[in-house]
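Chemist: One letter stands for each residue in the lines below.
Protein chains: 2
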Amino acid sequence: MNAAEDSFRSGEPRSRSTEGRLIGSVLKAFGNPPVTLVLPGGGHVAPAGEESVATVRLADRGVPFALARDPQLGFGDLYSEGRIDVQGDLVRMLEAVYRSSARAEARASLLGRLSGALRRPRRNSLAGSRDNIHHHYDIGNEFYTLWLGRTMAYTCAYYPTDSTTLDEAQVAKMDHVCRKLRLRPGETVVEAGFGWGTLALHMARHYGVKVRAFNISHEQVSYARARAAAEGLADRVEYVEDDYRNISGRYDAFVSVGMLEHVGVENYPALGEVAQRSIGANGRGLIHSIGRNYPARLHPWIERRIFPGAEPPSLKQMMDLFEPLDMSVLDVENLRLHYARTLTHWLELFEASAERVREMFDEKFVRMWRLYLAGSVAAFTTGTLQLFQVVFAPRENNDIPATRAHLYT
Amino acid sequence: MNAAEDSFRSGEPRSRSTEGRLIGSVLKAFGNPPVTLVLPGGGHVAPAGEESVATVRLADRGVPFALARDPQLGFGDLYSEGRIDVQGDLVRMLEAVYRSSARAEARASLLGRLSGALRRPRRNSLAGSRDNIHHHYDIGNEFYTLWLGRTMAYTCAYYPTDSTTLDEAQVAKMDHVCRKLRLRPGETVVEAGFGWGTLALHMARHYGVKVRAFNISHEQVSYARARAAAEGLADRVEYVEDDYRNISGRYDAFVSVGMLEHVGVENYPALGEVAQRSIGANGRGLIHSIGRNYPARLHPWIERRIFPGAEPPSLKQMMDLFEPLDMSVLDVENLRLHYARTLTHWLELFEASAERVREMFDEKFVRMWRLYLAGSVAAFTTGTLQLFQVVFAPRENNDIPATRAHLYT
Numbered sequence: 007m008n009a010a011e012d013s014f015r016s017g018e019p020r021s022r023s024t025e026g027r028l029i030g031s032v033l034k035a036f037g038n039p040p041v042t043l044v045l046p047g048g049g050h051v052a053p054a055g056e057e058s059v060a061t062v063r064l065a066d067r068g069v070p071f072a073l074a075r076d077p078q079l080g081f082g083d084l085y086s087e088g089r090i091d092v093q094g095d096l097v098r099m100l101e102a103v104y105r106s107s108a109r110a111e112a113r114a115s116l117l118g119r120l121s122g123a124l125r126r127p128r129r130n131s132l133a134g135s136r137d138n139i140h141h142h143y144d145i146g147n148e149f150y151t152l153w154l155g156r157t158m159a160y161t162c163a164y165y166p167t168d169s170t171t172l173d174e175a176q177v178a179k180m181d182h183v184c185r186k187l188r189l190r191p192g193e194t195v196v197e198a199g200f201g202w203g204t205l206a207l208h209m210a211r212h213y214g215v216k217v218r219a220f221n222i223s224h225e226q227v228s229y230a231r232a233r234a235a236a237e238g239l240a241d242r243v244e245y246v247e248d249d250y251r252n253i254s255g256r257y258d259a260f261v262s263v264g265m266l267e268h269v270g271v272e273n274y275p276a277l278g279e280v281a282q283r284s285i286g287a288n289g290r291g292l293i294h295s296i297g298r299n300y301p302a303r304l305h306p307w308i309e310r311r312i313f314p315g316a317e318p319p320s321l322k323q324m325m326d327l328f329e330p331l332d333m334s335v336l337d338v339e340n341l342r343l344h345y346a347r348t349l350t351h352w353l354e355l356f357e358a359s360a361e362r363v364r365e366m367f368d369e370k371f372v373r374m375w376r377l378y379l380a381g382s383v384a385a386f387t388t389g390t391l392q393l394f395q396v397v398f399a400p401r402e403n404n405d406i407p408a409t410r411a412h413l414y415t
Numbered sequence: 007m008n009a010a011e012d013s014f015r016s017g018e019p020r021s022r023s024t025e026g027r028l029i030g031s032v033l034k035a036f037g038n039p040p041v042t043l044v045l046p047g048g049g050h051v052a053p054a055g056e057e058s059v060a061t062v063r064l065a066d067r068g069v070p071f072a073l074a075r076d077p078q079l080g081f082g083d084l085y086s087e088g089r090i091d092v093q094g095d096l097v098r099m100l101e102a103v104y105r106s107s108a109r110a111e112a113r114a115s116l117l118g119r120l121s122g123a124l125r126r127p128r129r130n131s132l133a134g135s136r137d138n139i140h141h142h143y144d145i146g147n148e149f150y151t152l153w154l155g156r157t158m159a160y161t162c163a164y165y166p167t168d169s170t171t172l173d174e175a176q177v178a179k180m181d182h183v184c185r186k187l188r189l190r191p192g193e194t195v196v197e198a199g200f201g202w203g204t205l206a207l208h209m210a211r212h213y214g215v216k217v218r219a220f221n222i223s224h225e226q227v228s229y230a231r232a233r234a235a236a237e238g239l240a241d242r243v244e245y246v247e248d249d250y251r252n253i254s255g256r257y258d259a260f261v262s263v264g265m266l267e268h269v270g271v272e273n274y275p276a277l278g279e280v281a282q283r284s285i286g287a288n289g290r291g292l293i294h295s296i297g298r299n300y301p302a303r304l305h306p307w308i309e310r311r312i313f314p315g316a317e318p319p320s321l322k323q324m325m326d327l328f329e330p331l332d333m334s335v336l337d338v339e340n341l342r343l344h345y346a347r348t349l350t351h352w353l354e355l356f357e358a359s360a361e362r363v364r365e366m367f368d369e370k371f372v373r374m375w376r377l378y379l380a381g382s383v384a385a386f387t388t389g390t391l392q393l394f395q396v397v398f399a400p401r402e403n404n405d406i407p408a409t410r411a412h413l414y415t
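Chains as they are written, first to last, in our numbering: chain L, 7 to 415; chain D, 7 to 415.
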């Protein structure tokens with residue numbers, strides 16, 4: 007095949023070659039994004055009508071076949087293996103793909119979207135959750151220290167101003183959460199899913215509360231315990247290596263930041279009951295989670311390679327935490343652009359440490375995580391993903407703030 | 007029947023008389039609230055264990071039978087007719103009833119609650135909506151001027167401080183809405199359901215926008231048009247006497263305050279489409295509505311006698327406005343305690359004008375509206391009703407405020 011004869015424009019009548027037909031179907035699956043493809047034989051496919059945002063090189067003749075078999079999973083795996091490469095801004099290119107895919111999806115029938123939502127991720131039974139969480143969070147604390155910043159908080163930060171740094175924004179997020187919960191000295195808090203323990207320490211140190219925090223990632227629990235001991239807070243923060251379903255006791259507040267994505271919608275009523283019995287009639291709670299505009303599976307490559315079992319809910323799905331128990335939702339804030347910024351900062355730190363990551367793992371791992379972080383930025387800037395912070399209280403609790411002004415003074 | 011022999015405690019083994027058995031079943035239907043009943047024969051029923059919050063007098067021997075036939079509807083009708091009277095604080099008494107009813111409902115099965123939610127109110131077809139709205143809003147503007155305050159706003163106000171007055175709080179609510187929508191001079195707004203036109207005038211005067219507003223209450227439209235002309239704003243505010251389903255054109259913002267309760271959940275996808283096509287890809291919207299913690303019918307007496315067709319949604323039900331169209335929910339604020347305060351202020355003004363209302367209508371009307379306003383205070387203080395203010399935008403609109411601090415400066 008000669009380069010000139012296999013060059014065509016996406017969305018136009020396809021090249022008659024097998025490769026051309028495959029490429030056409032792959033582009034169609036992504037809604038014909040405005041990117042230029044460079045084919046293994048040297049031919050290229052340019053976007054029709056729109057300016058090209060990046061150039062995507064397919065390294066060998068197996069790539070179009072693998073992509074056609076499973077476009078979503080194929081792209082991620084082939085990129086990780088270096089058989090697909092992107093010249094230009096990776097985030098901008100992925101934003102263009104998310105936008106064109108969303109337009110294609112909007113044209114598809116509601117039935118198609120619903121059936122997509124029905125394909126369920128890996129189950130989160132007690133044992134399943136342990137396996138799923140181990141896969142992502144137990145690959146070594148040192149790796150995460152390279153790019154999460156000083157706080158080791160692995161959730162959406164909060165940027166009060168344009169000049170806020172990543173570390174400042176993570177602290178601001180913790181204060182935002184604590185203010186939303188109106189924590190007072192002497193109160194008790196239970197935390198479901200504590201990451202490396204940062205929020206629990208912050209609450210104990212700056213808000214004078216006692217915290218009992220649950221997590222099933224063994225590496226994170228060890229790290230957090232050492233940290234609490236080193237910072238002299240072990241008497242006020244107890245880290246428990248156990249599942250949220252085993253939380254017991256009564257507390258003034260329930261908080262969970264970045265765990266709900268891993269819980270699975272079928273377990274929301276159970277999690278709601280844990281929250282309700284933890285806070286009784288007079289407490290309050292906050293759940294912070296990645297979400298979606300409507301029920302849909304997480305990107306299949308992310309779910310398969312990065313976050314097994316993960317399933318960001320729509321706000322409607324989140325209501326299964328509260329409605330069966332007559333709990334009142336007091337406040338919902340969508341922070342999706344804050345997560346785009348957080349991820350941009352993580353990606354910058356990750357790139358600065360890419361050499362070290364390559365030594366710790368390998369080139370494939372570096373490319374995989376680069377794609378995951380860049381794709382996540384794009385998912386939040388294009389509204390493919392949302393970030394919901396939800397404050398709730400039992401129905402009859404009237405000890406709730408009259409306005410939200412106290413969050414901003 | 008002798009008073010002493012028919013006196014017993016609620017929740018205890020019932021009196022053997024027919025009347026005693028009827029009263030026992032009625033109290034049970036309300037979850038045995040802590041009130042003292044005075045029976046027509048002079049006997050009384052005192053609450054078991056709890057302090058009595060009020061005394062309820064049943065005027066004649068037909069009352070227990072009518073109550074037993076339909077406790078919810080019966081109580082409202084018999085109170086309106088003066089055959090039931092309440093000595094003590096009416097709001098406190100109704101709060102006690104809402105609390106005990108909720109506890110009884112929580113003990114009932116989920117199935118029972120679901121079947122309750124399935125009993126649907128009067129349909130809101132185009133013609134049905136006109137009838138339903140006419141019933142409540144077209145009973146004479148003069149009546150509403152007696153107790154709504156200077157702004158004639160008939161929706162939940164917003165009290166930034168404890169000393170805010172009703173009129174100040176209604177203005178603060180309008181500013182809160184306009185700030186959430188970030189209205190800028192020169193922009194256009196479409197309003198679905200405009201009451202007596204207050205918000206539209208406020209937006210035009212203070213935010214420099216042009217407003218096209220829709221309402222099907224003939225009396226309200228006439229009132230609003232006269233007001234716009236008198237205030238010299240007729241060139242910037244157009245009041246259209248038509249259904250929200252007939253809204254056309256493109257605007258920068260969509261706003262609807264206090265209409266959704268009358269729309270009916272089956273029409274949410276249609277209303278969502280109206281909002282979406284009104285604002286296109288770059289606009290934003292706000293919907294303010296009475297809501298509930300879970301799907302349930304409005305109190306049957308309120309639905310039958312006061313607000314035919316009304317159906318406050320749960321937050322999950324509200325999501326049917328946004329999820330089918332891939333719109334993003336940016337902010338939800340629950341203002342239920344603000345509505346309790348607004349209603350308390352309305353009730354005070356209503357009582358101060360009770361004589362005038364009696365002249366305009368009759369004693370039964372006065373008692374009916376007193377019960378409606380007092381019961382509404384109680385519904386919001388006990389969390390039986392919620393008030394949700396929801397800000398939304400099309401998925402890809404990134405021109406959204408970074409934080410909510412601008413609402414509080």
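It is worth saying that the hints were derived from the structure and are not from the lab. Any given hint could turn out to be false.
[Stated by the list, open to error] The following residues of chain D were derived to be distant from chain L, with all beta-carbon distances above 12 Å:
(1) L28
(2) R63
(3) A74
(4) Q93
(5) D95
(6) M158
(7) A178
(8) R231
(9) G255
(10) R347
(11) K370
(12) A408
[Said to hold, decoys possible] Quick partial rundown of chain D residues pointing at chain L, CB under 8 Å, derived from the structure:
(13) Y165
(14) Y300
(15) L321
(16) E329
(17) M333
(18) L336
(19) L353
(20) L355
(21) A360
(22) T387
[As the list claims (entries may be wrong)] Simulated restraints, written as ranges between beta carbons of each label pair:
(23) L:R156 / D:D241: 49 to 59 Å
(24) D:E57 / L:H412: 46 to 56 Å
(25) D:E354 / L:A110: 49 to 59 Å
(26) L:R231 / D:R283: 37 to 47 Å
(27) L:G146 / D:P191: 30 to 40 Å
We put the CB at the ideal spot given by N, CA and C, even for glycine.
Chemist: Determine for every hint whether it applies to the structure shown.
Modeler: Outcome of the hint check:
1. For L28 (chain D), the non-interface assignment is confirmed: its Cβ lies about 29 Å from the closest Cβ of chain L, beyond the 12 Å cut-off.
2. The beta carbon of R63 (chain D) sits about 28 Å from the closest Cβ of chain L, which is more than 12 Å, so the claim that it is off the interface holds.
3. Distance to chain L confirms A74 (chain D) as a non-interface residue, since its nearest Cβ pair spans about 27 Å, more than 12 Å.
4. Annotated as non-interface, Q93 (chain D) keeps its C-beta farther than 12 Å from every C-beta of chain L; the closest such distance is 25 Å.
5. Listed as a non-interface residue, D95 (chain D) keeps its Cβ farther than 12 Å from every Cβ of chain L; the least gap is roughly 17 Å.
6. Chain L leaves M158 (chain D) outside its interface by the beta-carbon criterion, the shortest separation being 24 Å against a cut-off of 12 Å.
7. Separation of A178 (chain D) from chain L is inadequate, the least Cβ-Cβ distance of about 10 Å not exceeding the 12 Å criterion.
8. Listed as outside the interface, R231 (chain D) is consistent with that label: its C-beta sits roughly 34 Å from the nearest C-beta of chain L, beyond the 12 Å cut-off.
9. For G255 (chain D), the condition that its CB be more than 12 Å from all CB atoms of chain L holds, with the nearest at approximately 22 Å.
10. Annotated as non-interface, R347 (chain D) brings its C-beta within 12 Å of a C-beta of chain L; the closest such distance is 9 Å.
11. Residue-level check passed: K370 (chain D) sits 33 Å from the nearest beta carbon of chain L, beyond 12 Å.
12. Its closest Cβ contact with chain L, about 7 Å, brings A408 (chain D) to no more than 12 Å, contrary to its assignment away from the interface.
13. At about 7 Å, the closest approach between the beta carbon of Y165 (chain D) and any beta carbon in chain L falls short of 8 Å, and the interface hint on this residue holds.
14. Checking Y300 (chain D) against chain L: minimum C-beta separation of about 4 Å stays under 8 Å; hint holds.
15. Hint status for L321 (chain D) relative to chain L: holds, with the closest Cβ pair at about 5 Å, below 8 Å.
16. A hinted interface residue such as E329 (chain D) counts as satisfied when its beta carbon comes closer than 8 Å to some beta carbon of chain L; here the least separation is about 4 Å, so the hint holds.
17. Satisfaction of the interface hint for M333 (chain D) is found here, the shortest Cβ-Cβ separation to chain L being roughly 7 Å, below the 8 Å cut-off.
18. Taking 8 Å as the C-beta cut-off, the interface hint given for L336 (chain D) holds, the closest approach to chain L being about 5 Å.
19. Among the interface hints, the one on L353 (chain D) is violated; its C-beta lies about 18 Å from the nearest C-beta in chain L, farther than the 8 Å criterion.
20. Checking L355 (chain D) against chain L: minimum C-beta separation of about 22 Å lies over 8 Å; hint violated.
21. Checking A360 (chain D) against chain L by beta carbon gives a least distance of about 28 Å; that is not within 8 Å, so the hint is violated.
22. Because the beta carbon of T387 (chain D) sits about 7 Å from the nearest beta carbon in chain L, less than 8 Å, this interface hint is met.
23. R156 (chain L) and D241 (chain D) have their C-beta atoms about 58 Å apart, which keeps the hinted 49 to 59 Å range intact.
24. Restraint check, E57 (chain D) to H412 (chain L): a C-beta distance of roughly 34 Å breaks the suggested window 46 to 56 Å.
25. The hinted range of 49 to 59 Å is satisfied by E354 (chain D) and A110 (chain L), whose Cβ atoms lie roughly 58 Å apart.
26. Between R231 (chain L) and R283 (chain D) the Cβ separation comes to about 55 Å, which falls outside the hinted range of 37 to 47 Å.
27. Separation of G146 (chain L) from P191 (chain D) is about 55 Å and departs from the stated range, judged on CB atoms against 30 to 40 Å.
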